[in-house]
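Trainee: Here the protein sequences come in this chain order: D and H. Going letter by letter, the first sequence gives residues 18 to 488 in my numbering. Going letter by letter, the second sequence gives residues 18 to 488 in my numbering.
Rather than coming from a laboratory, the hints here were simulated on the basis of the structure. Owing to the predicted nature of the structure, the values given are computational and were not obtained by experimental measurement. It cannot be assumed that every hint is accurate.
As the list claims (entries may be wrong) - Stretch by stretch, here's where chain D covers chain H in the computed footprint (C-beta under 8 Å, at least three residues):
{"id": "1", "segment": "201-215"}
{"id": "2", "segment": "372-382"}
Said to hold, decoys possible - Straight-line C-alpha distance at most 25 Å; calculated SDA-like pairs for lysine to any residue:
{"id": "3", "chain 1": "D", "residue 1": "217", "chain 2": "H", "residue 2": "175"}
{"id": "4", "chain 1": "D", "residue 1": "217", "chain 2": "H", "residue 2": "185"}
{"id": "5", "chain 1": "D", "residue 1": "217", "chain 2": "H", "residue 2": "336"}
{"id": "6", "chain 1": "H", "residue 1": "479", "chain 2": "D", "residue 2": "344"}
{"id": "7", "chain 1": "D", "residue 1": "217", "chain 2": "H", "residue 2": "179"}
{"id": "8", "chain 1": "D", "residue 1": "217", "chain 2": "H", "residue 2": "343"}
{"id": "9", "chain 1": "H", "residue 1": "217", "chain 2": "D", "residue 2": "174"}
{"id": "10", "chain 1": "D", "residue 1": "217", "chain 2": "H", "residue 2": "468"}
{"id": "11", "chain 1": "D", "residue 1": "217", "chain 2": "H", "residue 2": "184"}
{"id": "12", "chain 1": "H", "residue 1": "217", "chain 2": "D", "residue 2": "479"}
{"id": "13", "chain 1": "D", "residue 1": "217", "chain 2": "H", "residue 2": "355"}
{"id": "14", "chain 1": "H", "residue 1": "217", "chain 2": "D", "residue 2": "333"}
{"id": "15", "chain 1": "D", "residue 1": "217", "chain 2": "D", "residue 2": "234"}
{"id": "16", "chain 1": "H", "residue 1": "217", "chain 2": "D", "residue 2": "301"}
{"id": "17", "chain 1": "H", "residue 1": "479", "chain 2": "D", "residue 2": "355"}
{"id": "18", "chain 1": "D", "residue 1": "217", "chain 2": "H", "residue 2": "479"}
{"id": "19", "chain 1": "D", "residue 1": "479", "chain 2": "H", "residue 2": "335"}
{"id": "20", "chain 1": "D", "residue 1": "479", "chain 2": "H", "residue 2": "444"}
{"id": "21", "chain 1": "H", "residue 1": "217", "chain 2": "D", "residue 2": "403"}
{"id": "22", "chain 1": "H", "residue 1": "217", "chain 2": "D", "residue 2": "175"}
{"id": "23", "chain 1": "H", "residue 1": "479", "chain 2": "D", "residue 2": "337"}
{"id": "24", "chain 1": "H", "residue 1": "217", "chain 2": "D", "residue 2": "234"}
{"id": "25", "chain 1": "H", "residue 1": "479", "chain 2": "D", "residue 2": "336"}
{"id": "26", "chain 1": "D", "residue 1": "217", "chain 2": "D", "residue 2": "336"}
{"id": "27", "chain 1": "H", "residue 1": "479", "chain 2": "D", "residue 2": "301"}
Beta carbons: idealized from backbone N, C-alpha and C, even for Gly.
Protein chains: 2
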Amino acid sequence: MTPEEFRRIGHQVVDWIADYRAQVGERPVMSPVEPGSIRARLPVSPPAQSESFDAVFQDLERLILPGLSHWQHPSFFGYFPSNCGLASVLGDYLSTGLGVLGLAWQSSPALTELEEVVTEWMRQMVGLSEAWSGVIQDTASTSTLVALVCARERTSGYSLGRGGLQGEERPLVVYASAQAHSSVEKAALLAGFGRSNFRKIETDGSYAMRPDALAAAVEADIGRGLAPCAVVATTGTTTTTAVDPLEAIAEVSRRHGLWLHVDAAMAGSAMILPECRPLWQGIEGADSIVLNAHKWLGAAFDCSLYYVRDPEHLVRVMSTNPSYLQSAVDSRVKNLRDWGIPLGRRFRALKLWCLIREQGIAGLQARLRRDIANARWLEARVRSTPGWRVLAPVPLQTVCVRHEPAGLEAEALDRHTQAWADRVNHSGAAYLTPAVLDGRWMVRVSIGSIATEREHVDALWKRMRQQAERA
Amino acid sequence: MTPEEFRRIGHQVVDWIADYRAQVGERPVMSPVEPGSIRARLPVSPPAQSESFDAVFQDLERLILPGLSHWQHPSFFGYFPSNCGLASVLGDYLSTGLGVLGLAWQSSPALTELEEVVTEWMRQMVGLSEAWSGVIQDTASTSTLVALVCARERTSGYSLGRGGLQGEERPLVVYASAQAHSSVEKAALLAGFGRSNFRKIETDGSYAMRPDALAAAVEADIGRGLAPCAVVATTGTTTTTAVDPLEAIAEVSRRHGLWLHVDAAMAGSAMILPECRPLWQGIEGADSIVLNAHKWLGAAFDCSLYYVRDPEHLVRVMSTNPSYLQSAVDSRVKNLRDWGIPLGRRFRALKLWCLIREQGIAGLQARLRRDIANARWLEARVRSTPGWRVLAPVPLQTVCVRHEPAGLEAEALDRHTQAWADRVNHSGAAYLTPAVLDGRWMVRVSIGSIATEREHVDALWKRMRQQAERA
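The following block holds chain D by itself, in its conformation from the complex:
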C-alpha cells in the first residue's frame, strides 16, 4: 500500500470509526452471536492474491461489528470501563503510523523521553511523591508479575544469579487479600512461588484486607520456617472496588521486610481527584504500584503505569545487555527494555500524552466526578427500593446489587440473579457482568464509560427493575 492509497483509505477508516462512535449507542451492547459463528463465515485459508480494502470494510460491517460487545457504548456497565478516549485514539494512530520501536533509548530517543515525561505527569496527577519512577507496561497482570519477581529477588538476595528459586532453603511466601484479582495468584504461580506458598488473607465487612490477619499469617509462616516475601494490596478490587488499608499493611510490611505491591489498576485513576486520595493513605510505604490508564482514565489499551521506588533494583532484575543492543550513550539514558519483560516497545506515551493534553487535568477530573456522582445516585435508588440491596460500600463508581424477592434464597436466589442479568444483557440495552460475593451471585454495575450520562444509568435502573421484578 502506497502512502497515497493509505491517505485515501485512511480517511475512510477515520470516517468509519467516527460514525461507529457516534452511533454506537444504537447497537446492542452485548454481541448476541453463537460461539463459532463468525469463524465459520470467514475463509479457512488466506488469499493468494491481493484483495481490495473495500472487501475488508464489507466484512467489518457484515461479520465483525455484529460480533462485538461494545465497550465504548454508553450502556456498557460490565467488567470495568476500558475507555478509549478519541484524543488517545489519535495518539495511538500517530504511534502506529510512525512505526518506531523502543528497544533501547537510541533506537528512538523521543519514545523513551516522552514516556519519562508522561509517567512523571501522571505521578504528579495522582499525588505520588518524587520518590517514584514510572514506566508503561501492557497490563496490570504483567505489572504484578514484574513486581512479584522483583520481590522474589529482593528477599532471596538475587537468587536468579545463582540457582533461582530452586536453590533457596526457605520457601518464599506471597500474601494477598481473598478479594485480590485473579491475576495476583496467577503472577505468583508464574513466578514459581507455588500455590502452597500463596496466602489469601481474609477480609473485613467491607471486603478489605484485615491487616491483623495479614500479620498473623506472616508470623505463622515465620514460625514454620518459611520466608514471607511480598504482599499485594488492592486499591479498588474487581468484585466490589474494596480498598485495602495501605497504612496498616505497609506497617506490617516494614516490620517483616515484605515487598508491598499495590494493585490500583482500577482505582489509581481516581487519585487524580484530591478528595479520593484518602483511599490510598499510606501509599508511600509501598515498593511498587500499578494503575491502568487504559481503564477509567481513558487511554487506549494497553497503557498500564507501573511505578517503583527503587528503579535500580528493577533494572538489576530485568536487565540484559547483549552487544547488538549496546550504544555509546547507555550510561546516560534509560533503556526501558530493562524496566519490564518485553524487549520491543511501541510508542505508547503518545496516546496518554494526547489524552492528557486534550482533556487537561480539569477535564479528566470532571468526568470522573460525574461517574462517581452517578454511582451515588444509583446507590441511593437501590437502597430506597424494597426488595433490592446494595451489598458493599461504594467508594467509587461500582455498585454491587442484588434483587432479593421474599422467599428466594441460596441457589434459587442465584438462579434469579443470573437470569435477570442475562435478560438485561440479551435485551441489548445494557451490559452487566455478575460476580460471586460471599458465595452468592450478585450484579456489579460498573459505571464510567466516557459516553455514560445520568440518563443511561437511569435507563439501566429501570431496565434492571423491569427484568428482575417481573413475574
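Mind docking chain H on chain D? Use the hints.
Mentor: Chain H in isolation, oriented as in the chain D frame:
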C-alpha cells in the same frame, strides 16, 4: 473529543502520517539528539486545562520527529526490520478506534474468533501441520517466557499447584545456544530457574547449536542429578541469522523428554517461502514456536505469533477462572486470557488480517524474495572486495561484515569497526547496529525494510566503503 472533532483531526493525522511515510527517506535515519534534550524541552507538569490538537502537531514536528530513529526508512539496516505495512496500520487503526477488549470470548466474540482465523491462516502460510494451535502474544520475549514456564510445569508435573519451583528436589535445567537471544536467558531467570541452571551450548562454524554438545550437556546434568527441562533452539539468531539444526535437536529432546521451544522470531516469516522451509526441517518435533509477524512480515508491532502442540497444557498452566470472568458459553469457546500472561487483549488480529488480505500471500512472498536477493547481492559485493570479509553464512537477509585493513588487529580493529559504523550512522544516510561475534565487533547489515530497494543497498555499500576505507 466528539466523533466530529475526531473525524476532522483524524483526517489531519492520516494526512500527516501519509506525508511522513512518503518523505521518510529524506530524513536522517538515526536521530542525532543528545540524551535528555527532548525531555528538557517538554513541560515538567501536565496542563490543567484542555489544549488544542494543533499544539500537539506543532510539538510532533518540532520535538518528536527530530528525536526519532526512523524504522520505516528505506536505509534502515539496524537490528531487524520492524515493518509496519500501511494496510496493517489501518487494521490497527480499526482496532484502536473500536476500543473493544478480549478478556473472555464473550467480551467480544469477533476479537477471539478472528484471532483464531488469522493464526490458522499463518499456520498454513508457514507450512506447519494441523497439530499446531496459535495465539497472538506481544513479543518473542514474552512468548519464550510462557514457553519456559510451560516447560517447567510439564517437567515438574505442575509444581505450581504445590510448592512451585521451591518444592522440587532436582533442579530443572534449561539449554540454549550461545548465540541465542538475550531474551532466552532473561526468560529462564524470570521463570525462576536461576543462572546456574541455564546452559549456553556451543555453536559450530556457522554459529548454529551443536546437537552433540547439547546431548553431552544434558547427559552430564543427568549424571549430576539435575533434571533437564527445556531447550530453546533458534531459527535465525539475532547476531548472524544462524539456524540451529532442529531435526537433531528434536531428537535429543525426544530422547530426554525436553520441551523444545523454537525462537523463530525473525526467520519464521521466511517460512512463507517454500524454498526456505528446509531451514526449519524438524520443526514438527517442537513443543512451541514463536514467530514475530511484526518484524520482516510487516504487521504493526506488537504481533508475535505463538504456536503450541498441546493447548490444553498451556491453558492448564495459565488459566484462572474468577466469577467475574465466567460466562455461560465458557465450555464452548477459547478464552485467550488462558493462553498467555495478560488478561486484557487488544483486537490485534485486525492488523494481521488487513496485511494478509491487502498483500495476498504472493505479495508478501515477492517482497521477502526481493530482500533475500538484495542480501545475496551485497554478500557478493563484499566477498569480491579486497579488505572486506563476510563473517557468517547468509541464509536470509542479514549480512555480517567487517572491513579488515592490513595491520589492524584485536582492539584496534574493534575501534576501526565501531568508528566507521558510527560515521555511517551519524551521516544520517543509513543506520547499522554493530554486534560482537567471536569476541570481535562486526557490522550487521540487516536488509528488509518494506521501502528498501536495491538502490538503497547499493548506496549503503558505497557509503560503508567510503567511511571504512578513508584515511
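Trainee: Checking against the hints above, which ones are violated?
Mentor: 10, 12, 16, 17, 18, 19, 20, 21, 23, 24, 25, 26, 27
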